[in-house]
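Single-letter residue listing:
Number of protein chains: 2
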Amino acid sequence: MSKVLKIFKIGGGIIDDESQLRYFLGELVRIEGPKILVHGGGKGASQMLSRLGIEPQMVEGRRITDAATLDIVTMFYAGKTNKQVVALLQAQGVNALGLSGADGNVILATKRPVRTIDYGFVGDLNEQSVNTALLTQLLEAGLTPIFCAITHDGQGQLLNTNADTIASTLARALAGSYAVELHFCFEKDGVLTDINDESSVIPRITAEQYQALKAEGVIAAGMVPKLDNAFAALEAGVATVVIENALKINEPVKTILCQS
Amino acid sequence: MSKVLKIFKIGGGIIDDESQLRYFLGELVRIEGPKILVHGGGKGASQMLSRLGIEPQMVEGRRITDAATLDIVTMFYAGKTNKQVVALLQAQGVNALGLSGADGNVILATKRPVRTIDYGFVGDLNEQSVNTALLTQLLEAGLTPIFCAITHDGQGQLLNTNADTIASTLARALAGSYAVELHFCFEKDGVLTDINDESSVIPRITAEQYQALKAEGVIAAGMVPKLDNAFAALEAGVATVVIENALKINEPVKTILCQS
Numbered sequence: 001m002s003k004v005l006k007i008f009k010i011g012g013g014i015i016d017d018e019s020q021l022r023y024f025l026g027e028l029v030r031i032e033g034p035k036i037l038v039h040g041g042g043k044g045a046s047q048m049l050s051r052l053g054i055e056p057q058m059v060e061g062r063r064i065t066d067a068a069t070l071d072i073v074t075m076f077y078a079g080k081t082n083k084q085v086v087a088l089l090q091a092q093g094v095n096a097l098g099l100s101g102a103d104g105n106v107i108l109a110t111k112r113p114v115r116t117i118d119y120g121f122v123g124d125l126n127e128q129s130v131n132t133a134l135l136t137q138l139l140e141a142g143l144t145p146i147f148c149a150i151t152h153d154g155q156g157q158l159l160n161t162n163a164d165t166i167a168s169t170l171a172r173a174l175a176g177s178y179a180v181e182l183h184f185c186f187e188k189d190g191v192l193t194d195i196n197d198e199s200s201v202i203p204r205i206t207a208e209q210y211q212a213l214k215a216e217g218v219i220a221a222g223m224v225p226k227l228d229n230a231f232a233a234l235e236a237g238v239a240t241v242v243i244e245n246a247l248k249i250n251e252p253v254k255t256i257l258c259q260s
Numbered sequence: 001m002s003k004v005l006k007i008f009k010i011g012g013g014i015i016d017d018e019s020q021l022r023y024f025l026g027e028l029v030r031i032e033g034p035k036i037l038v039h040g041g042g043k044g045a046s047q048m049l050s051r052l053g054i055e056p057q058m059v060e061g062r063r064i065t066d067a068a069t070l071d072i073v074t075m076f077y078a079g080k081t082n083k084q085v086v087a088l089l090q091a092q093g094v095n096a097l098g099l100s101g102a103d104g105n106v107i108l109a110t111k112r113p114v115r116t117i118d119y120g121f122v123g124d125l126n127e128q129s130v131n132t133a134l135l136t137q138l139l140e141a142g143l144t145p146i147f148c149a150i151t152h153d154g155q156g157q158l159l160n161t162n163a164d165t166i167a168s169t170l171a172r173a174l175a176g177s178y179a180v181e182l183h184f185c186f187e188k189d190g191v192l193t194d195i196n197d198e199s200s201v202i203p204r205i206t207a208e209q210y211q212a213l214k215a216e217g218v219i220a221a222g223m224v225p226k227l228d229n230a231f232a233a234l235e236a237g238v239a240t241v242v243i244e245n246a247l248k249i250n251e252p253v254k255t256i257l258c259q260s
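From first to last, the protein sequence lines stand for chains C and Z. Each step along the first sequence adds one to the number in the UniProt record's numbering, with nothing skipped, and position 213 is 213. Each step along the second sequence adds one to the number in the UniProt record's numbering, with nothing skipped, and position 227 is 227.
Watch out, some of these pointers could steer you wrong.
It does not matter which identical chain is meant; a pair holds if it fits inside one copy or across any two.
What the hints assert, rightly or not - Listed next, the in silico SDA-like pairs over lysine to any residue satisfying Cα-Cα at most 25 Å (straight line): (1) Lys248 with Asp228; (2) Lys111 with Glu18; (3) Lys43 with Gln157; (4) Lys3 with Gln137; (5) Lys111 with Ala91; (6) Lys111 with Gly26; (7) Lys43 with Glu55; (8) Lys226 with Ala207; (9) Lys43 with Leu70; (10) Lys226 with Gly237; (11) Lys248 with Gly156.
In case anyone wonders, no lab produced these hints; they're calculated from the structure.
Turn these sequences into a full structure, and let the hints guide you.
Structure follows, in structure tokens:
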């Protein structure tokens, strides 16, 4: 029986609200055993870009990470947010260690190839991206790695990388050494059958049930890529994926996804 | 015979000049054995503060780190500069790991007490500040720690901390486990007898000779606090302190300070 490793991913919404962030971190402290936190960005970087008069570069509705944008997102994600989270966890006795993918070469990405759109300095991950040996060593030393959404290409270039992708790639890579629970935390209590009814949380969804719910149109829109990604992680060996409210991680309400 | 550990400190001048920074890092890669790099700030943070219209807070000629300033210096030091240095070293095969003092609780500071001046969010270090157990573990794992000049107070507060102080505190704390060589790198070739003559480098200074050179006024002004600090480190068990040009670390020209 492998040791359980819990990987939590939080998004920009909670990063932007310091009291919510502090509440979440206080709840995270109560989670026992080895754990990893992956945090997304938040609006701070965009606000800074606009204060500096740097126009967001958009192509076909997608934001492009040009060099000036990369500089600012690196400052926010790897500097401000990551160090704030680490310091707040240290204050509560969690031995947090902030990491970008470049630190310890822990996540090696490749710059997204230009097809129809040049996304700029954006990193894609693959099966070989994660330095599992070092991560396992850090976890065994009692450290709690805190990942920001910045990786590198191994050639000296930092890359902006989707935090959901980082979380699921870490989960898949570490599934060989741990029974991994991957927790996607957001502002809803779980996967809802009715988007307007917070009490309609589906407690448990298997891969088979997911296909049926998708076919019926019960699960649609924004949840589909998230859940496709989650079931792909389960297929790749991740033990459990949980979709839950970032403010209720220690409460029973949540959606647990499992293979069967 | 203890293993040799080399600690390098570079200042803001070289951080501000990317081609010089790359050159220094290329030379650092050639330094064998366990090593640590401590980097200072550079002008980026001040320029950003002025672009954002945040006035530098000065009291009696000393800069005050208020909350807005701390935010920006954390972004620059721990975010932009630290991650850039880490990524550039990774590209040359050095397994660099960027750290603030909060990461792994590796440097615990105390907020400078208010006497006549309130310096704001500035951290002071002491004999107990360094988590030597974790640092030794990281070094033994083949990692090269890269420190920025940000620490924390263990209560959730990040603190701006002098990079020279971080370097000498690390050196003193690790002197129990390693024969520590502490390298202060700057824009001169070493300690000069004539500030205007770059060829007047004193190759070696003992504690006794230093007192004489100070008394004669040969060493004066800005070098005195730097060298007082260096000789204090030697007295506390650091094996060697070297004062050298950041661009000539692999050349023989330098000043070696030693107890006797």
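Verification of the supplied hints:
1. Lys248 with Asp228: within (23 Å within a copy, 54 Å between copies)
2. Lys111 with Glu18: The answer is between: 22 Å across copies meets 25 Å, while 32 Å in one copy does not.
3. Lys43 with Gln157: both (23 Å within a copy, 22 Å between copies)
4. Lys3 with Gln137: both (14 Å within a copy, 22 Å between copies)
5. Lys111 with Ala91: between (36 Å within a copy, 15 Å between copies)
6. Lys111 with Gly26: For Lys111 and Gly26, only the inter-copy Cα distance (24 Å) is at most 25 Å; the intra-copy one is 36 Å.
7. Lys43 with Glu55: Close inside one copy (15 Å) and across copies (24 Å); limit 25 Å.
8. Lys226 with Ala207: Close inside one copy (14 Å), not across copies (65 Å); limit 25 Å.
9. Lys43 with Leu70: Cα proximity of Lys43 and Leu70: in one copy and across copies (14 Å, 19 Å).
10. Lys226 with Gly237: within (17 Å within a copy, 55 Å between copies)
11. Lys248 with Gly156: between (39 Å within a copy, 23 Å between copies)
Hint check: no violations occur; every hint is consistent with the structure.
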